[in-house]
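*Asks:* Spelled out from the first residue to the last, the chains are:
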Amino acid sequence: MATTDTFYEAMRRQGISRRGFLQFCTITAATLGLAPGFAGRIAEAMETKPRIPVLWLHGLECTCCSESFIRSAHPLASDVVLSMISLDYNDTLMAAAGHQAEAILDEIRHQYKGRYILAVEGNPPLGQDGMSCIIGGRPFLDQLREVAADCQAVIAWGTCASWGCVQAAHPNPTQAVSIDKVIHDKPIIKVPGCPPIAEVMTGVIAYMLTFERLPELDRQGRPKMFYGQRIHDKCYRRPHFDAGQFVESWDDEGARKGYCLYKMGCKGPTTYNACSTVRWNDGVSFPIQSGHGCIGCSEKDFWDKGSFYDHVTDTRVFGIEANADAVGIAAAGTVGAAITAHAAASAVHRIKQRAGAQHTEDGQA
Amino acid sequence: MSMYTGVPTVKRTAVYVYQTPVRIWHWVNALAITVLAITGYLIGSPLPSLPGEASDHYLMGNIRFLHFAAGYVFLVGFLFRLYWAVVGNRYSRQLFTLPFWRRGFWSELVHELRWYAFQEPEPRKYVGHNPLAHLFMVVIITVGGLVMMVTGFALYSEQTGLGSWQDELFGWVIPAVGQSQDVRMWHHWGMWVIVVFVMLHVYTAIREDIMSRQSLISTMISGWRMFKDDRP
Amino acid sequence: MSVQTPNGFQLDTAGRRVVVDPVTRIEGHMRCEVNLDADNVIRNAVSTGTMWRGLEVILRGRDPRDAWAFTQRICGVCTGTHALTSVRAIEDALDIQIPENANSIRNIMQLTLYAHDHLVHFYHLHALDWVDVVSALKADPKATSALAQSISDWPLSSPGYFRDVQTRIKRFVESGQLGPFTNGYWGNPAYRLPPEANLLAVTHYLEALDFQKEIVKIHTIYGGKNPHPNWLVGGVPCAINIHDTGAVGAVNMERLNLVSSIIDRTIEFIDKVYLPDLMAIASFYKDWTHGGGLSSQAVLSYGDIPERANDDSSDNQCLPRGAIINGKLDEVHEVDLRDPEQIQEFVAHSWFKYKDESKGLHPWDGVTEPNFVLGPNTKGSQTRIEAIDENAKYSWIKAPRWRGHAMEVGPLARYIIGYAKGIPEFKEPVEKVLTDLQLPVSALFSTLGRTAARGLEASWAAHRLRHFQDKLVANLKAGDSATANPDKWEPRTWPKLTKGVGTTEAPRGALGHWVVIEKGKIANYQAVVPTTWNGSPRDPAGNIGAFEAALLNTPVAVPDQPLEILRTLHSFDPCLACSTH
Ligand code: HEM
Ligand code: HEM
Ligand code: NFV
Ligand code: SF4
Ligand code: SF4
Ligand code: F3S
Ligand SMILES: [Mg+2]
Chain A
1 MATTDTFYEA MRRQGISRRG FLQFCTITAA TLGLAPGFAG RIAEAMETKP
51 RIPVLWLHGL ECTCCSESFI RSAHPLASDV VLSMISLDYN DTLMAAAGHQ
101 AEAILDEIRH QYKGRYILAV EGNPPLGQDG MSCIIGGRPF LDQLREVAAD
151 CQAVIAWGTC ASWGCVQAAH PNPTQAVSID KVIHDKPIIK VPGCPPIAEV
201 MTGVIAYMLT FERLPELDRQ GRPKMFYGQR IHDKCYRRPH FDAGQFVESW
251 DDEGARKGYC LYKMGCKGPT TYNACSTVRW NDGVSFPIQS GHGCIGCSEK
301 DFWDKGSFYD HVTDTRVFGI EANADAVGIA AAGTVGAAIT AHAAASAVHR
351 IKQRAGAQHT EDGQA
Chain B
366 MSMYTGVPTV KRTAVYVYQT PVRIWHWVNA LAITVLAITG YLIGSPLPSL
416 PGEASDHYLM GNIRFLHFAA GYVFLVGFLF RLYWAVVGNR YSRQLFTLPF
466 WRRGFWSELV HELRWYAFQE PEPRKYVGHN PLAHLFMVVI ITVGGLVMMV
516 TGFALYSEQT GLGSWQDELF GWVIPAVGQS QDVRMWHHWG MWVIVVFVML
566 HVYTAIREDI MSRQSLISTM ISGWRMFKDD RP
Chain C
598 MSVQTPNGFQ LDTAGRRVVV DPVTRIEGHM RCEVNLDADN VIRNAVSTGT
648 MWRGLEVILR GRDPRDAWAF TQRICGVCTG THALTSVRAI EDALDIQIPE
698 NANSIRNIMQ LTLYAHDHLV HFYHLHALDW VDVVSALKAD PKATSALAQS
748 ISDWPLSSPG YFRDVQTRIK RFVESGQLGP FTNGYWGNPA YRLPPEANLL
798 AVTHYLEALD FQKEIVKIHT IYGGKNPHPN WLVGGVPCAI NIHDTGAVGA
848 VNMERLNLVS SIIDRTIEFI DKVYLPDLMA IASFYKDWTH GGGLSSQAVL
898 SYGDIPERAN DDSSDNQCLP RGAIINGKLD EVHEVDLRDP EQIQEFVAHS
948 WFKYKDESKG LHPWDGVTEP NFVLGPNTKG SQTRIEAIDE NAKYSWIKAP
998 RWRGHAMEVG PLARYIIGYA KGIPEFKEPV EKVLTDLQLP VSALFSTLGR
1048 TAARGLEASW AAHRLRHFQD KLVANLKAGD SATANPDKWE PRTWPKLTKG
1098 VGTTEAPRGA LGHWVVIEKG KIANYQAVVP TTWNGSPRDP AGNIGAFEAA
1148 LLNTPVAVPD QPLEILRTLH SFDPCLACST H
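Protein chains in written order, with this note's numbering: chain A, 1 to 365; chain B, 366 to 597; chain C, 598 to 1178.
Each hint should be verified, as a subset may be incorrect.
Stated by the list, open to error - When the alpha-carbon atoms are kept at most 27 Å apart in a straight line, the in silico DSS-like pairs for lysine-lysine are as follows:
1) LYS1096(C) <-> LYS1085(C)
2) LYS263(A) <-> LYS976(C)
3) LYS735(C) <-> LYS883(C)
4) LYS186(A) <-> LYS490(B)
5) LYS925(C) <-> LYS263(A)
6) LYS950(C) <-> LYS976(C)
7) LYS1068(C) <-> LYS925(C)
8) LYS1096(C) <-> LYS1068(C)
9) LYS263(A) <-> LYS883(C)
10) LYS1029(C) <-> LYS869(C)
11) LYS1118(C) <-> LYS950(C)
12) LYS224(A) <-> LYS234(A)
13) LYS1018(C) <-> LYS1085(C)
14) LYS950(C) <-> LYS925(C)
15) LYS1029(C) <-> LYS925(C)
16) LYS1068(C) <-> LYS263(A)
17) LYS186(A) <-> LYS224(A)
18) LYS593(B) <-> LYS352(A)
Because the hints were derived from the structure by calculation, they are not lab data. Since this is a predicted model, take the numbers as computed values, not measurements.
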């Protein structure tokens, strides 16, 4: 029987001490927002668990979710792939191609029926007979449905799989849909973001392996631990927001002092993600820290909410785009003018009426 | 001039319409909505930046606080008004009921519209709301107000957090509408609808006070509807 | 059965048809079909882009200032290059001048992408075409250490270090769960490396995987995240504040130092790990001379990395601009992206519709209208393609042409043009590689030449990073800390109708975005992308593109194992999401 490699063993072989390993577990626990006591459970899980097969499919996408994944610093992507999971299919990284690649899907489906995880990056198009995304000569949709049929759970990586993302933006020429529109009978964990933060991706996997259960999800199917709060709730520029100190124009005094980016269209107040806490690329920065507002990249249909640089978003209603304030001010102005005109007309009317009444009175007199 | 002053001496020329709680509610509500619209607008388009340290100011925080405080007043007032519609007089129920099925209502509505378009020499008399006002009250204040409260508290739940009562009661609104940004957008549109309504409402209240055959503004102060003539 | 293409290639569809779908270790989705003759030599090649998202359709009617974010999502691998191209196109259309610092920071972003993308391509997308992971288990760690120390002074090279890695791989293989290495072509006779070289390469596969995430932190500092950092029409979004209170809210001394240290480490890793490995591996495959394709005939580069801001002239570009056709290295043509005669896209063999498909369209007049139809000789059905009919429409990629020529783009094209122009910083490293490996200049035009050019370019980019970071600091010292020009930010300052073009040299080659702006909104947006050039299907005249040309005449050792096909395709670093967008 083949020996199974545990995460702990892998780390030890890399020259990491037991102390270093436990430290790692503590960091992971902290990243997951768990009490320090959970570090022990993580350590235990990683010392003993064999690797769970993960089939990572790609639909219409840009591969930035895979790219983000390999940026993970804790755990390292190399450790995830070599020691935590068995990444048996990921067309960006896998050695095999063509028939040899497709054979892996069949093998895992049968050998690990009901026990593997399906991870989906990108999404299926329904237009063009599904043939605007072809894998092995067939629509990606078919492959997705087949592999989903026997999996244990589905991870929807990124905004593509979770919400549709850029290809589903108006007018959605390929009729791309989020995966929950075509997979109905499996638990789906949405990990949105364009892309999601690397440590959030590996954190979700580590959580599932450690606690042997799916993370608790919010109403929209996202893990609460990473998507329970808005960027705005934990943004370090928040004091400037509350004070009323805003960047008014690019590279102005406020921009150089790190004022709030709300007036430059920051979508932090409407975006659920962990950027302002976990931050990006091993905690180096996140969009707002580097001077650009959040564009809301983990939110549903964030591409179709007007310009990224307006706070009051344009609305696409009845096929036309309109800005609430522009329309509102115009409407209020028009109504104001109409009222003035109507008031004047009413006054004239009344004077005439009275004059008429006076007339009759005079006549009678 | 005698028409406008003095206690009505003729029978049936004065009716007690708006009970004290309704009147108090009206003016509190008017104030709340004014505060909500102004602070709401400033939340969407904040004032120019303040200089100096962030810790010296709390301008945006105060504006938002006013908004939320007025929002609570608006909600509590609405709930109270709902209660009063049950226990108050028949006119107190108009705000929540629309005689949709009554043909007469619609023909009178047309009549009222024609009066505003100078097509009728004289408006009809109403003890409660005229049909046009009635329709707008129900649609804008009751339905519109509900929309503003539901979307407003859904937005509020975002800061009170998952599991808060605001979240439990109103959190579902966000995915139902789309996402947070959509909720804001409709909440924002709602403000403009209400602003336009208030403009028309105030204008017509003043105009009708002068031109119609009954009192209006004073009714909302004293509660008594005064009729200027005895014709039907 | 045999035909001659106008661009000089012999196609023969007689032999056995082999299908590779999906082609893996690329970005996006691709299918490749080849015909093998009786000796298992490729005599016909068909490259099919198998995905399409319609970004050009989606962009219509949008705010031009938002376009960078949309186009950036064309690809998360060459992340940023589309965004940069897009802001340049908008700035061209609106005649916006950017500050000098913005130019330096943009160059740093672009060069960071080069260093990262090339490194990841070499180790994680390409190496397994040359390196046999299973053979590494047989290596002697001592001998591996000796080999490592003979080619580089990279410190991680002790016998114990290699033994640890080997044990780790052994345990991994013994677990029976091979993960991404499942069903690889291990043991295929086309693998030539001795076990020690394999172990060295596998070790560095893992090291590079851990290191690559460090390089992109430069994007994170200036752009807030990676993949998909943030950009700005008119400059860059990160303000700079070195001296004053509030500096911690902007790019400050600490941030500049962090960038600087990452640059140093990047230079070291590329020069001490990537390049020596590349040379070592290449030395075992010197006689595998296949895959030249179009590279000796027709190459194109737009030039990039402007030394000074707002100067689009050819001599201001650190990467060379020009076109070579008909194999005439002594004549480098000027390229004009505005000239309607020069760059045109055809769709006769693409799943798109034009009014007249015998003609090409310049991108400013470009049309993107999907039309998925299969030819009469397709084997299979509309939704189950067994063999494609390349005489009809057969790809989601359009066919771009320069003055009617199919062109190869990418690092090799850039190096050939730099070499042909006699620019020392391109010519000298090429000559050194050729002498070190004792190869003639003609060896450049091959799969290996492409792979080598990419490695040289990664090193070039890393050193250029240092140059522009230093330049940024020097400019700050001189008192200029501007990063954005907001003068034309408001749409009311824009003309009613205007058009622009923006270009970059993306890691995979020449990239252009053409935009038409009308009343403040995008009226037309067309991208012609490196892999659109390289992966192009045939044009109405029958010219084949770079992928197809490069595959021809390559012998395949085991017909059921597409190792050689992958090798040559991977040498282009195909990006299919880019190519079709
Ligand atoms: C934000 C501002 C205001 C709002 C939202 C508002 C709303 C309302 C509502 C909901 C009613 C119906 C009361 C009921 O049946 O319970 C009403 C009636 C009335 N309001 Fe206002 N009001 C506002 C401001 C004003 C102002 C400034 C005036 C006076 C100039 C005014 C004069 C009246 C009058 C005269 C009535 C009685 C109408 C009738 O008898 O048919 N309102 N208002
Ligand atoms: C007539 C009633 C109301 C009006 C006219 C109004 C108006 C507005 C406007 C214009 C905004 C700015 C939206 C944007 O562009 O972001 C806003 C925001 C908001 N409103 Fe209201 N609102 C009303 C009632 C309420 C109520 C009842 C609540 C409940 C507490 C509420 C809570 C909020 C919240 C939480 C925000 C977002 C503030 C922030 O996140 O900074 N609103 N409102
Ligand atoms: N082809 C291509 Fe790209 C690149 N480099 C971009 O323009 O890869 Ni995704
Ligand atoms: S979610 Fe965004 S980053 Fe991820 S694949 Fe989709 S477009 Fe790319
Ligand atoms: S920068 Fe954005 S997220 Fe941060 S406080 Fe301002 S609006 Fe909120
Ligand atoms: S744009 Fe995306 S990366 Fe984070 S700060 Fe906003 S969710
Ligand atoms: Mg195009």
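*Asks:* Now look at each hint and say whether the structure bears it out.
*Replies:* Okay, the hints, checked on the actual structure:
Between LYS1096(C) and LYS1085(C) the alpha-carbon distance is near 15 Å, which keeps this suggested pair within the 27 Å criterion. For the hint linking LYS263(A) to LYS976(C), the alpha-carbon distance of about 57 Å lies beyond 27 Å, and the restraint is violated. For the given pair, LYS735(C) sits about 23 Å from LYS883(C) by alpha-carbon distance, which is consistent with the 27 Å threshold. For the given pair, LYS186(A) sits about 64 Å from LYS490(B) by alpha-carbon distance, which is inconsistent with the 27 Å threshold.
Distance hint between LYS925(C) and LYS263(A) is unfulfilled; the C-alpha atoms sit about 55 Å from each other, more than 27 Å. Simply put, LYS950(C) and LYS976(C) have alpha-carbon atoms about 23 Å apart, close enough for the 27 Å limit, and the pair holds. Distance restraint check for LYS1068(C) and LYS925(C): the Cα-Cα separation of roughly 37 Å exceeds the 27 Å cut-off, and the hinted pair is therefore not satisfied. Restraint check for LYS1096(C) and LYS1068(C): the C-alpha separation of about 32 Å exceeds 27 Å, so the hint is violated.
Between LYS263(A) and LYS883(C), the direct Cα distance comes to roughly 59 Å. Violation of the 27 Å bound is thereby established for this hinted pair. Proximity of LYS1029(C) to LYS869(C) is assessed by CA-CA distance (about 16 Å); at most 27 Å being required, the pair is judged to hold. In summary, the hint linking LYS1118(C) to LYS950(C) is supported, as the alpha carbons are separated by about 24 Å, within the 27 Å threshold. A distance of roughly 15 Å separates the Cα atoms of LYS224(A) and LYS234(A); the hinted pair therefore holds under the 27 Å criterion.
Annotation: proposed proximity of LYS1018(C) to LYS1085(C) is violated, straight-line Cα distance about 38 Å (limit 27 Å). With a C-alpha separation of about 35 Å, the suggested pair LYS950(C) and LYS925(C) falls outside the 27 Å cut-off, and the hint is violated. With a CA separation close to 23 Å, the supplied pair LYS1029(C) and LYS925(C) stays within the 27 Å bound. Straight-line distance between C-alpha atoms of LYS1068(C) and LYS263(A) comes to about 32 Å, which puts the hinted pair past the 27 Å bound.
Restraint check for LYS186(A) and LYS224(A): the C-alpha separation of about 19 Å stays at or below 27 Å, so the hint holds. For the suggested pair LYS593(B) and LYS352(A), the alpha carbons sit about 19 Å apart, so the restraint of at most 27 Å is met.
Checked against the numbered hints above, the structure breaks hints 2, 4, 5, 7, 8, 9, 13, 14, 16 and satisfies the rest.
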